[in-house]
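Start from chain A and add chain B according to the hints.
There are 2 protein chains.
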Amino acid sequence: MPHAPSPGTLFIVATPIGNLEDITLRAIRVLREVSLIAAEDTRRTSRLLNHFAITTRAISMHEHNEHDRALPLVERLLAGESIALVTDAGTPLVSDPGHLLTRAAAARGIRVEPIPGASAVLTALTGAAMPWAKFAFLGFTPTKQNARRIFYKEADALGLPFVVYEAPHRLRASLDDAAATLSERPLVVARELTKIHEEFVRTTTTAAPDVFRSREVIGEFTLVFGGAEPREDTAREPLSDETIWAELGRLAEEGRSRREAIAELAKREGRTSKDIYAAAERGKTAGEP
Amino acid sequence: MPHAPSPGTLFIVATPIGNLEDITLRAIRVLREVSLIAAEDTRRTSRLLNHFAITTRAISMHEHNEHDRALPLVERLLAGESIALVTDAGTPLVSDPGHLLTRAAAARGIRVEPIPGASAVLTALTGAAMPWAKFAFLGFTPTKQNARRIFYKEADALGLPFVVYEAPHRLRASLDDAAATLSERPLVVARELTKIHEEFVRTTTTAAPDVFRSREVIGEFTLVFGGAEPREDTAREPLSDETIWAELGRLAEEGRSRREAIAELAKREGRTSKDIYAAAERGKTAGEP
Numbered sequence: 001m002p003h004a005p006s007p008g009t010l011f012i013v014a015t016p017i018g019n020l021e022d023i024t025l026r027a028i029r030v031l032r033e034v035s036l037i038a039a040e041d042t043r044r045t046s047r048l049l050n051h052f053a054i055t056t057r058a059i060s061m062h063e064h065n066e067h068d069r070a071l072p073l074v075e076r077l078l079a080g081e082s083i084a085l086v087t088d089a090g091t092p093l094v095s096d097p098g099h100l101l102t103r104a105a106a107a108r109g110i111r112v113e114p115i116p117g118a119s120a121v122l123t124a125l126t127g128a129a130m131p132w133a134k135f136a137f138l139g140f141t142p143t144k145q146n147a148r149r150i151f152y153k154e155a156d157a158l159g160l161p162f163v164v165y166e167a168p169h170r171l172r173a174s175l176d177d178a179a180a181t182l183s184e185r186p187l188v189v190a191r192e193l194t195k196i197h198e199e200f201v202r203t204t205t206t207a208a209p210d211v212f213r214s215r216e217v218i219g220e221f222t223l224v225f226g227g228a229e230p231r232e233d234t235a236r237e238p239l240s241d242e243t244i245w246a247e248l249g250r251l252a253e254e255g256r257s258r259r260e261a262i263a264e265l266a267k268r269e270g271r272t273s274k275d276i277y278a279a280a281e282r283g284k285t286a287g288e289p
Numbered sequence: 001m002p003h004a005p006s007p008g009t010l011f012i013v014a015t016p017i018g019n020l021e022d023i024t025l026r027a028i029r030v031l032r033e034v035s036l037i038a039a040e041d042t043r044r045t046s047r048l049l050n051h052f053a054i055t056t057r058a059i060s061m062h063e064h065n066e067h068d069r070a071l072p073l074v075e076r077l078l079a080g081e082s083i084a085l086v087t088d089a090g091t092p093l094v095s096d097p098g099h100l101l102t103r104a105a106a107a108r109g110i111r112v113e114p115i116p117g118a119s120a121v122l123t124a125l126t127g128a129a130m131p132w133a134k135f136a137f138l139g140f141t142p143t144k145q146n147a148r149r150i151f152y153k154e155a156d157a158l159g160l161p162f163v164v165y166e167a168p169h170r171l172r173a174s175l176d177d178a179a180a181t182l183s184e185r186p187l188v189v190a191r192e193l194t195k196i197h198e199e200f201v202r203t204t205t206t207a208a209p210d211v212f213r214s215r216e217v218i219g220e221f222t223l224v225f226g227g228a229e230p231r232e233d234t235a236r237e238p239l240s241d242e243t244i245w246a247e248l249g250r251l252a253e254e255g256r257s258r259r260e261a262i263a264e265l266a267k268r269e270g271r272t273s274k275d276i277y278a279a280a281e282r283g284k285t286a287g288e289p
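Protein chains in written order, with our numbering: chain A, 1 to 289; chain B, 1 to 289.
The following block holds chain A by itself, in its conformation from the complex:
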């Protein structure tokens, strides 16, 4: 009796979000080596494949045919073929199709292997240059005003910085709704990420509607809403003694008295002034030869 072949691997492959150089060496190799690429839009993907002289066949799998495509693809994986899943841009499954195929494959014991790469979420967050340690990603905002306002209210209640995607023709309405429903937060509007006209507009929920009243609104937008607290980034781990000592020095340079600096740091860190004072003394000693 012939042995059943060992099943193939389903690779979830991140592709560029605008700049064709934003693809990893492994992604290029895997796209070359698999027997089939399941692509959200085969025309868009073929531009990528042509650029890198990859000749693997691509078939379309998008939200409207995923139910029909998933099971035959799982059968091919079980029969030993390896398949790569890609979407139009960025990391598949992030506001993109592929969930059904991925789960169906994993449920049949097929190896699902992510090939990491570009994604607008983290690109926007790292370019935002605002403090964050935690965040929520909430996908596209709803298209209707009522639903969008409820969405922003719920987002506000999370108490986290959060990232959303927004279509250009809805940007102004969305910024109006954000201003009307959110508590005051820093807001970075990222446009055309990784492309030539990449731009980070650093503003606030309150100021944003005016800023964009007079701007041309074209391209794709990713919105990063900062935390309502002033210093999210210090919440993760208590500062080391050395850092507290250094930070007191910095605050002194900015003109605070020692007492003010200690009080400010204590408040920011959720510790007592006495505790901060003791830590600074230890940090000072540790920094000395």
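Since the hints were derived computationally from the structure, they do not count as laboratory data. Treat the hints loosely; a few may be bogus.
Which copy? The list can't say, so a pair holds if one copy fits it or any two copies do.
Unchecked claim - Derived lysine to aspartate or glutamate pairs resembling EDC-like cross-links, with alpha carbons at most 16 Å apart: (1) K195 <-> E113; (2) K267 <-> D41; (3) K284 <-> D68; (4) K274 <-> E184; (5) K284 <-> D241; (6) K267 <-> E216; (7) K195 <-> E21; (8) K144 <-> D176; (9) K153 <-> E220; (10) K195 <-> E220.
Quick caveat, the model's predicted, so the values are computed rather than measured.
Frame of chain A, contents of chain B only:
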């Protein structure tokens, strides 16, 4: 009078999280072209640089010296040098240092340009093969049991799937605390992402402590807690008529009567049975030649 030089760019460069092939073409080029690399750990980064024959000088910038390093680096950027910020693994600023430098640079008008690439957050989420459309990233869990239980309680209340990082020597305690405080959720424990021993253990909050009682716990862990609702992924946009027609067919294949299938879909989609019935009829017609 001489002109001031045009300032350089601060590149935030994502590097591999385990597999050296997980670096983009642009990251390699930028690391080659900048005049200086600010690295969390120069020894770890020099392994990467050697592998790709990159000879750019790297200096250390980590959480304990970022306060001292940031301003001189900003001065060099203002003087026209371009600098790349990298951390030990993955996308800088994600539970990593660099926030202070990035904000200081942006505040002085220096261009901050993210070079996207690997990150454990999205790698774990895409390999998890569980339904999600939104998520929260919460960084490392607190190290003390009390704080960790409060952390998990607050995470639970977000009502979103969420991702955390966990140290190997705390994994079992953390899973115990999650089981004790979280509502029942699917849980994927990802280990050694992108490395040879990459593994996704698909379990639940309740079952996980037992699963890991008998397993060796080595490597780095990323935990993906699924949503408390069964079908997060259908929440984003209403299903198309064609998809509803196809989905009813699938449910019929699984043995549901037409009435049961319509009722199930109506509940899942938050629509009335009458609405689902009408959509299916339209979807059926649209699918016919």
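Structure-based check of each hint:
no., hint, result
1, K195 <-> E113, "between (28 Å within a copy, 11 Å between copies)"
2, K267 <-> D41, "neither (52 Å within a copy, 31 Å between copies)"
3, K284 <-> D68, "between (66 Å within a copy, 14 Å between copies)"
4, K274 <-> E184, "neither (32 Å within a copy, 42 Å between copies)"
5, K284 <-> D241, "within (8 Å within a copy, 68 Å between copies)"
6, K267 <-> E216, "neither (42 Å within a copy, 41 Å between copies)"
7, K195 <-> E21, "within (11 Å within a copy, 23 Å between copies)"
8, K144 <-> D176, "within (13 Å within a copy, 42 Å between copies)"
9, K153 <-> E220, "neither (23 Å within a copy, 36 Å between copies)"
10, K195 <-> E220, "within (10 Å within a copy, 34 Å between copies)"
Going down the numbered hints, you'll see the structure goes against 2, 4, 6 and 9, while the others check out.
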